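If you read the protein sequences in the order shown, they are chains A and B. Under the numbering used here, the residues of the first sequence are numbered 1 to 169, in order. Under the numbering used here, the residues of the second sequence are numbered 1 to 169, in order.
Warning: the hint list may mix true and false statements.
Since the list gives no way to pick one copy over another, a pair counts as held whenever it fits inside one copy or between any two copies.
Unchecked claim - Straight line, CA to CA, 25 Å or less: simulated SDA-like cross-link-like pairs of lysine to any residue:
| id | residue 1 | residue 2 |
| --- | --- | --- |
| 1 | K37 | E109 |
| 2 | K29 | Y129 |
| 3 | K29 | N131 |
| 4 | K91 | Q113 |
| 5 | K99 | H146 |
| 6 | K37 | P13 |
| 7 | K37 | R156 |
| 8 | K29 | E130 |
Hint data in this document are derived by calculation from the structure and do not stem from the laboratory. Please read these numbers as outputs of a predicted model, since none were measured by experiment.
Listed here are the chains, written in short residue letters.
There are 2 protein chains.
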Amino acid sequence: MENVQTAPVVTTPEALLAHWQGHRRLTRKVIQAFPEKDFLSFSVGGMRPFAVLAMEILDLTEHGIRGIVTGSYPEVHELPHHANNHDRMPKTQAAFLAKWDEVTEALNELWAQIPATRFQEINVAFGQYENANIDTILYFIDNEIHHRAQGTVYLRALGIEPPAFWDRY
Amino acid sequence: MENVQTAPVVTTPEALLAHWQGHRRLTRKVIQAFPEKDFLSFSVGGMRPFAVLAMEILDLTEHGIRGIVTGSYPEVHELPHHANNHDRMPKTQAAFLAKWDEVTEALNELWAQIPATRFQEINVAFGQYENANIDTILYFIDNEIHHRAQGTVYLRALGIEPPAFWDRY
């Protein structure tokens with residue numbers, strides 16, 4: 001542990017993973033709350049359907065956490081959520097949920113491999129975003145909260161009550 | 001510093017404040033992006049207008065950070081964003097922005113008074129939410145991201161391009 005910066009604990013790697021997975025459980029419920037056709041195609045104000053927003057969340061989580069661990073990221077234009085690659089997205093709501101669960105496991109496994117010193121190191125994510133890794137991770141989580149919240153407005157516009165914001169179980 | 005838990009740093013109090021204030025700068029831009037009448041009254045799917053969502057964000061920030069520092073919180077039903085108290089909300093978009101800037105200063109001043117050990121302590125927020133203070137703080141930030149994102153859908157529905165999610169400056 002020499003050369004490791006120490007200070008009173010604000011949060012821990014374990015707590016941050018639990019926080020993220022709690023948000024991911026809620027996002028999974030939001031995916032499930034949509035009728036399948038609306039999940040795949042409904043939107044408000046010309047925005048992307050929730051399936052594409054969910055794909056963006058999946059891409060950033062899966063390739064983001066792998067990048068945090070390995071330092072190696074694909075470019076954003078290579079990912080399924082990118083407008084040119086939607087043919088590589090899951091085709092059904094059930095396939096999205098299966099992919100979601102696969103990424104949940106991958107996140108747990110990869111998170112356990114993050115060296116304790118990695119959070120404060122500065123790296124370039126997805127070929128262009130240079131930040132401390134903790135800020136990159138918070139960006140991934142915040143981006144999920146942001147797009148999920150947009151999905152809750154789609155649900156309200158469809159007359160469907162979204163899962164509660166505090167429901168992370 | 002005796003009896004203070006230490007470990008490799010995931011984040012610091014200073015970095016977490018900067019993260020929150022960055023989100024608050026973006027939320028301020030989202031408030032400004034609305035035409036005033038739409039800020040006060042427009043919504044999608046029967047949801048609350050963005051003025052009420054912004055009031056909730058202001059209430060949780062102002063009374064939340066004071067509670068983190070002092071351990072003393074009002075009850076949620078006493079706050080201006082509560083449905084019974086909307087007569088105590090600012091009446092104009094300019095008055096909301098003035099209140100926003102006042103809370104920005106209060107957050108900076110109160111944050112500096114948080115004892116380093118407070119983040120991991122467990123307290124009851126707003127009379128009912130028992131959590132480690134770090135989780136309470138993350139809830140305040142996440143709740144802001146969530147409701148601001150709903151506001152971005154209102155803007156799109158109005159034909160207005162929202163400020164970019166990464167624009168925290």
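Tell me the numbers of any earlier hints that the structure contravenes, in ascending order. Hints 1, 4 and 6 contradicted; others consistent.
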